[in-house]
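Sequences and hints are given; from them, build the entire structure.
Protein chains: 2
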Amino acid sequence: MEHDITLSLEDAQSLSQRILRKTGFSEGHVEAITRSMVAAQRDECHSHGLYRLLGIVETARMGGLDPQAVPEVIDQAPGIVKVDAHYGSSLLAFEQGLAPLQEKAERNGIAVLMINHCFHFSALWSEVEALSARGLAGLAMNPTHAFVAPAGGVRALLGTNPFAFSWPRPGGTPYTFDFATSVVARGEIELHRRAGNAIPDDWALDDQGQPTTEATAALAGAMLPFGGHKGSALSTMIELLAGPLIGDALSHETQAANEDGTGQPCHGELVMALSPRAFLGEQSEAGLLHAEKLFEEILGQGARLPSKRRFEARARSLTSGVSIPAALYRDLKALVDDNTPRPHA
Amino acid sequence: MEHDITLSLEDAQSLSQRILRKTGFSEGHVEAITRSMVAAQRDECHSHGLYRLLGIVETARMGGLDPQAVPEVIDQAPGIVKVDAHYGSSLLAFEQGLAPLQEKAERNGIAVLMINHCFHFSALWSEVEALSARGLAGLAMNPTHAFVAPAGGVRALLGTNPFAFSWPRPGGTPYTFDFATSVVARGEIELHRRAGNAIPDDWALDDQGQPTTEATAALAGAMLPFGGHKGSALSTMIELLAGPLIGDALSHETQAANEDGTGQPCHGELVMALSPRAFLGEQSEAGLLHAEKLFEEILGQGARLPSKRRFEARARSLTSGVSIPAALYRDLKALVDDNTPRPHA
Chain A
1 MEHDITLSLE DAQSLSQRIL RKTGFSEGHV EAITRSMVAA QRDECHSHGL YRLLGIVETA
61 RMGGLDPQAV PEVIDQAPGI VKVDAHYGSS LLAFEQGLAP LQEKAERNGI AVLMINHCFH
121 FSALWSEVEA LSARGLAGLA MNPTHAFVAP AGGVRALLGT NPFAFSWPRP GGTPYTFDFA
181 TSVVARGEIE LHRRAGNAIP DDWALDDQGQ PTTEATAALA GAMLPFGGHK GSALSTMIEL
241 LAGPLIGDAL SHETQAANED GTGQPCHGEL VMALSPRAFL GEQSEAGLLH AEKLFEEILG
301 QGARLPSKRR FEARARSLTS GVSIPAALYR DLKALVDDNT PRPHA
Chain B
1 MEHDITLSLE DAQSLSQRIL RKTGFSEGHV EAITRSMVAA QRDECHSHGL YRLLGIVETA
61 RMGGLDPQAV PEVIDQAPGI VKVDAHYGSS LLAFEQGLAP LQEKAERNGI AVLMINHCFH
121 FSALWSEVEA LSARGLAGLA MNPTHAFVAP AGGVRALLGT NPFAFSWPRP GGTPYTFDFA
181 TSVVARGEIE LHRRAGNAIP DDWALDDQGQ PTTEATAALA GAMLPFGGHK GSALSTMIEL
241 LAGPLIGDAL SHETQAANED GTGQPCHGEL VMALSPRAFL GEQSEAGLLH AEKLFEEILG
301 QGARLPSKRR FEARARSLTS GVSIPAALYR DLKALVDDNT PRPHA
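From first to last, the protein sequence lines stand for chains A and B.
Just so you know, we're using UniProt numbering here: the first sequence kicks off at 1 and counts up by one.
Just so you know, we're using UniProt numbering here: the second sequence kicks off at 1 and counts up by one.
Read the hints as simulated data drawn from the structure, not as lab findings.
Note that the Cβ used here is the ideal one computed from N, Cα and C, for glycine as well.
Hints may contain errors.
Unchecked claim - Here are the computed distance ranges between Cβ atoms for each label pair:
(1) B/Arg107 / A/Gly209: 56 to 62 Å
(2) B/Thr213 / A/Ser47: 34 to 40 Å
(3) A/Leu54 / B/His86: 36 to 42 Å
(4) B/Glu292 / A/Arg193: 32 to 38 Å
(5) B/Glu190 / A/Arg304: 50 to 56 Å
(6) B/Gln283 / A/Glu296: 45 to 51 Å
(7) A/Phe295 / B/Glu296: 41 to 47 Å
(8) A/Glu103 / B/Gly152: 37 to 43 Å
(9) A/Glu285 / B/Glu190: 39 to 45 Å
Said to hold, decoys possible - Covered by chain A, according to a simulated footprint, are these stretches of chain B (three or more residues, beta-carbon under 8 Å):
(10) 111 to 119
(11) 147 to 158
(12) 322 to 332
Now the structure itself:
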């Protein structure tokens with residue numbers, strides 16, 4: 001068995017930048033994508049870290065994702081920033097919408113950033129944490145692909161539709177959660193399939209709409225929403241707010257849009273920001289201190305706050321760097337040395 | 001066994017009005033509370049229908065709820081309507097905040113109604129449906145009492161914190177859900193206790209923080225959130241947004257605030273409205289039609305939309321009136337004939 005490769009955060013950043021430049025991404029996309037991938041690797045979210053660069057490069061080379069796309073920021077309404085990503089990555093679109101979103105949220109109390117026509121392959125927590133770092137409460141959601149059957153249904157229709165929230169905590173890491181509205185992540189079923197293990201019978205349906213404990217049958221069928229009809233309802237809300245409300249695709253349309261059926265992750269995203277200063281005026285600091293009572297009570301009874309493991313990983317990585325499997329490191333290095341022509345250069 | 005009593009909607013309305021007037025409620029409160037109670041009874045939500053008047057009268061007589069309170073509407077920010085209920089019912093406060101909320105949502109795209117210091121004893125679906133009836137998407141949430149342990153915890157801390165959403169559908173009943181973030185409603189455990197039945201072991205903990213199948217032990221202990229750590233996180237978000245963010249109480253504070261410990265439901269509420277017209281401009285009708293595709297797909301695979309049973313009950317009640325148990329009817333009539341002095345008259 002090979003050892004993992006340890007990289008400093010600077011080396012991880014440099015590796016990501018070189019891969020993305022080689023693939024033909026504009027410098028704005030190189031920086032935005034690298035920030036997100038390195039942040040995920042730093043927090044030991046391996047599936048959204050450097051590993052994800054393999055898929056991004058493949059998507060760009062297949063020609064769906066435009067690595068040179070210039071996001072267009074539109075002042076849609078006093079409380080809405082619209083960014084048309086023009087089929088580039090969501091990440092640069094988010095970064096360009098962040099300042100006007102903050103400005104609108106602080107003036108109005110609440111504001112929305114709608115991102116259209118973006119390729120989405122990153123975790124949402126880094127975006128809602130960009131808001132809580134600015135003293136705002138943030139929510140984010142997006143459709144994905146039709147992997148999940150609605151409660152009581154038999155076929156995949158809803159996405160795994162992530163829902164993320166972050167709340168600013170004075171002097172500490174924020175209160176942040178970011179969860180898929182499916183029972184488990186799709187990758188979890190994939191891991192069971194590789195290991196030849198059965199899955200619990202409440203994770204998924206087979207292609208006949210029957211509950212299954214076979215991972216292979218589950219992947220060919222439909223995952224189930226978390227929490228039964230309640231999670232199904234929440235996921236449906238995400239489809240509506242981050243789909244039709246912003247003039248963008250539903251999860252079951254994202255796959256159909258792709259000719260070869262591999263289902264590239266192209267859809268919209270909705271981000272909300274709420275300003276404690278606007279809600280509470282001079283009492284906003286008192287409001288944030290009041291919220292601390294809730295966290296103290298949660299921790300005081302031995303429960304943990306979401307993202308605890310991620311924040312612990314972050315502290316470790318900031319001093320010791322990040323570790324990735326040697327095989328992944330080789331695959332990533334190969335992308336730097338690759339001589340495939342750039343699709344959009 | 002006694003037969004149920006059937007009342008026309010007009011008679012149900014008149015009965016509610018007479019009870020509330022007799023208890024000393026101002027005419028504004030009489031109308032707002034009656035509208036909500038009769039709407040719930042019409043939709044056969046028995047626990048939030050005429051039955052609920054018994055608790056409202058008791059709460060008013062105990063002196064916590066001010067039946068003459070005049071809600072104060074404050075223009076808190078361009079995107080925030082604040083209504084201080086001044087310890088009256090949430091329902092009149094909501095009705096008075098509705099028009100400015102709609103106006104702000106249509107101008108800005110998104111707006112919030114924050115209600116403070118209200119007594120809350122109604123279902124949220126009637127409020128989010130007031131928004132969808134005006135062509136807006138609506139969300140509503142509030143803390144309740146500390147009945148639910150956080151995931152991984154051992155003691156009641158979070159409320160049953162309802163979360164409601166409604167989406168306008170062209171020419172039909174809206175897409176609406178309204179669920180408690182506990183596994184089941186507290187009344188469900190109470191029903192099991194009365195029937196002497198065991199409860200499933202994932203509903204609640206006993207007062208030692210251990211899973212229990214005994215309803216009595218569960219009522220003395222803590223309920224569990226739906227969907228494990230995901231539902232727990234969602235419930236925590238509701239505590240923060242409808243508590244400290246709006247300068248109002250957390251669930252574990254609402255009970256402590258009441259001297260006799262019976263825990264009157266006095267806290268805040270947060271309502272959000274989003275305007276498809278502001279998000280989509282001339283494409284807003286197309287956006288609503290696009291959403292219909294999702295509902296068609298859900299129904300096409302044999303799943304049902306939330307609130308289906310309620311809308312069917314509504315159609316029945318509009319032609320046939322509502323039925324309530326004879327004993328409840330006698331209890332309600334007794335409130336009309338009661339000669340207890342009015343607390344605030």
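For each hint, the structure was consulted:
Distance hint check for B/Arg107 and A/Gly209: the Cβ-Cβ separation is about 46 Å, which falls outside the suggested range of 56 to 62 Å. B/Thr213 and A/Ser47 have their C-beta atoms about 37 Å apart, which keeps the hinted 34 to 40 Å range intact. For the hinted restraint 36 to 42 Å between A/Leu54 and B/His86, the CB-CB distance of approximately 60 Å leaves it violated. Between B/Glu292 and A/Arg193 the beta carbon distance is about 36 Å. The supplied range of 32 to 38 Å therefore holds.
For the hinted restraint 50 to 56 Å between B/Glu190 and A/Arg304, the CB-CB distance of approximately 31 Å leaves it violated. Taken as a hint, the range 45 to 51 Å holds for the pair B/Gln283 and A/Glu296, whose Cβ atoms sit roughly 47 Å apart. The beta-carbon spacing between A/Phe295 and B/Glu296, approximately 43 Å, falls within the hinted interval of 41 to 47 Å. Range check, A/Glu103 to B/Gly152: about 38 Å between beta-carbon atoms, so the 37 to 43 Å window is met.
For A/Glu285 paired with B/Glu190, a C-beta distance near 41 Å keeps the hint of 39 to 45 Å intact. Counting residues of the stretch 111 to 119 of chain B whose CB falls under 8 Å from any CB of chain A gives 3; the rule of at least 3 is met. Counting residues of the stretch 147 to 158 of chain B whose CB lies closer than 8 Å to any CB of chain A gives 8, so the stated coverage by that chain holds, three being the minimum. With 0 residues having a Cβ less than 8 Å from any Cβ of chain A, the stretch 322 to 332 of chain B misses the three-residue criterion, and the hint is violated.
Checked against the numbered hints given earlier, this structure breaks hints 1, 3, 5, 12; the rest are met.
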